[in-house]
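Student: All chains should be modelled from the sequences, with the hints used to inform the complete structure.
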Amino acid sequence: MKSYDLFDLASRNLRNSKLRNSLTTVGIAVGVASLVAMLSLGIGLQSMATSRIRKSGVFDIVFVTSKQDVRGMRARMQDTDEANARVLDDAARKELEQLPNVAEVTPDIHVVAEVGYGDKSRMTVVAGLPMSEGTTDAFDKLQGKFFSNNDADEAVLEEDFAKRLDPNPANLLGKEIVLRYAERQQGDAGASDSQGTGGGFSVTRKEQTLTVVGINSEEPFTGGGPGAHGQVYIPIGTAERLNMMQPFDARAMVRGDVTGKTYNMLRVRVRDSGQVEQVQNAIKKMGFAAFSVIDALNGLRRFFAIFDAFLGIFGSLALAVASLAIINTLVMAVLERRREIGIMKALGASDIDVKKLFFAEAAVMGIVGGAAGVLFGWLMGRIINFGTGLYMTRMKMAHVDVWYVPWWLIVGAIGFSVLVSLIAGLYPAARAAKLDPIQALRYE
Amino acid sequence: MEAANDGRVAVQLSSVTRHYQMGASVIRAVDDISLAISRDEFVALLGASGSGKSTLLNLIAGLDRPTSGAIVVNGRDLSAMASEELARYRRETVGMIFQSFNLVASMSLAENVELPMRFAETPKDGRAERIRQALERVHLGGRLHHRPSELSGGEQQRGAIARALVNNPTLLLADEPTGNLDSRTGNEIMELLREVNASGVTVVMVTHEQALADKYAQRAIHMADGKLVEQAEVRQ
Ligand SMILES: Nc1ncnc2c1ncn2[C@@H]1O[C@H](COP(=O)(O)OP(=O)(O)OP(=O)(O)O)[C@@H](O)[C@H]1O
Ligand SMILES: [Mg+2]
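Those sequence lines, one after another, are chains S and X. When you line the first sequence up against numbering that gives the first Met the number 0, it's residues 0 to 443, in that order. When you line the second sequence up against numbering that gives the first Met the number 0, it's residues 0 to 235, in that order.
Some hints could be false.
Stated by the list, open to error - Some chain X residues judged to face chain S by a derived CB distance under 7 Å, without partners named:
(1) Tyr19
(2) Asp63
(3) Ala86
(4) Arg90
(5) Arg117
(6) Asn167
(7) Thr169
Because the hints were derived from the structure by calculation, they are not lab data. Since this is a predicted model, take the numbers as computed values, not measurements. Note that CB positions come from ideal geometry on N, CA and C, so glycine has one too.
Tutor: Rendered as structure tokens:
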């Protein structure tokens, strides 16, 4: 039988029991809609998450830490050589700077400090930023300007924090704030014995006056970890000069293995984001732990692959139920149309023709149900986007579509719906095909 | 067997049996029948209820397969055919009509007549014309879009004949075509079958009525308990 005859017969058969077949088709549509809903939610969340990272403009940065810090404690207990892993000191920093394709190596400095403005003082996290950070998307929405140079006594404030100092943050531009922090002073034995073992260091309370040059409304990505985000940014050169004590220093001191100035973490900026992986590998070969946003993206991708699979499975449940409805509908159709099937065979329809006819009926239900389901799922997504959009505008957040239906999902969902329908049609079609025409035609 | 290669023979049955296994007992619905039917012949199959007439007709129609024996139609052995080929044989060589008409209730007369052309993959363009011709031939030219439920029994059977003939078969098999009709309408149908036969189609008709066989058939074949009992040349 030619396919236009097949689909013509199939659709007229479907129209003959309109109510039953429409209900089954609606069942498929609901199944497909739930699948589309689940998957597009997953895709929307994923693109939201990755675009946040992408926006931060740190694709070209590799974060380097000593393996000792990552696994030092455990290694020490298990007495492996990780306990003797390389420390991240000035020599290591120089070596990193010498690596090919490395543009810049700066320490990661995050400290808890107090900021005074007028008669107010607030605890906050102060972070050092290299000058190169000023050109990333993170400072797109900067009011005022970025630091004038790497050693300037200047600060950029996060808008949230600025509001705690002055309800109208713009007022702060050009004003002075006082930074009160703990200064770390290297072993008092003197410069002659800077390698001194067990020399330790002392801590003094210090103050530094800074001029507010910018207010930023978006957070730059500075490496992750708790408290990683600063609220007050100062040039990294200034941060190094101030010699602020970091939480890491206290830990190192308690551990008792302070052997001079070491870094908690170094940020290695790569000339081109295409070389990140290569530089990362070179650093790992040097014996350090290296981490980049590429890793984060890969991890995120893996997470979302699993997340999407789960959403897909839940979304498919409704479609599985719908497939039972298809089986039921078609088995009933076979029983009702016994005589008709007998007639068709007597008129020269082959078993395969009969089988194809029932498959075509299943396929038509799959296509119509799939298309309606995609439309339904898409509408649902529009409504959810509209709703979250309203909420986000009210919360003064940037608008993001949490719901995203890519074209391949539309095609895939309809294809999947047809596939499921065809599988559901297997049994009824086989049953119709092997119906004995003589029995079917025997008059009742 | 002796007539197998004779170009005049349309249907050749050689020791054909069709047994049904019912538990421990075997029902011999058709029991060792050998028979030759010539081209253009009009044969009536007579016999009591349960004598195996329908079973024999279905075997010739290729709807059923014999337990043993050979059925050769137009030189081709049906028992050697795969089920696909047998379906092709049914749509190209055979037309069938039944006691209960068996039009598809949800389809108009024209759609019923179109059905065999769909299976035969007849191009779409020529179909409407062939439907019209087939229905005019049975005097139903004005009833194309009527449903079977809107037609009388005789009209339904004429529609069924149009459907059976639309693919130009060489063999028309009729299982008690007048069984559900009054005698006047039955005679109309028989007249039609006679015309069909005159146009060169071999007709094999199952009937209970000796009178119809006497009047329309060239040969009457009597069956009892699955066997041939008597063959009579009706006329000429
Ligand atoms: N599927 C079957 N299973 C078992 N026995 C069957 C089957 N089909 C037919 N028979 C038996 O085969 C015999 C012949 O049946 P058939 O229908 O050919 O008779 P018939 O001559 O056409 O009778 P009628 O004039 O009543 O139509 C009957 O005894 C019937 O019970
Ligand atoms: Mg019978």
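Student: Next step is simple, just say for each hint if it's right about the structure.
Tutor: Now for the hints, and whether the structure bears them out:
1. Tyr19: Where the cut-off is 7 Å and the nearest Cβ of chain S is about 11 Å from Tyr19(X), the hint is violated.
2. Asp63: holds (6 Å)
3. Ala86: holds (3 Å)
4. Arg90: holds (2 Å)
5. Arg117: holds (4 Å)
6. Asn167: violated (12 Å)
7. Thr169: With a closest approach of 14 Å, the Thr169(X) hint is violated.
Checked against the numbered hints above, the structure breaks hints 1, 6 and 7 and satisfies the rest.
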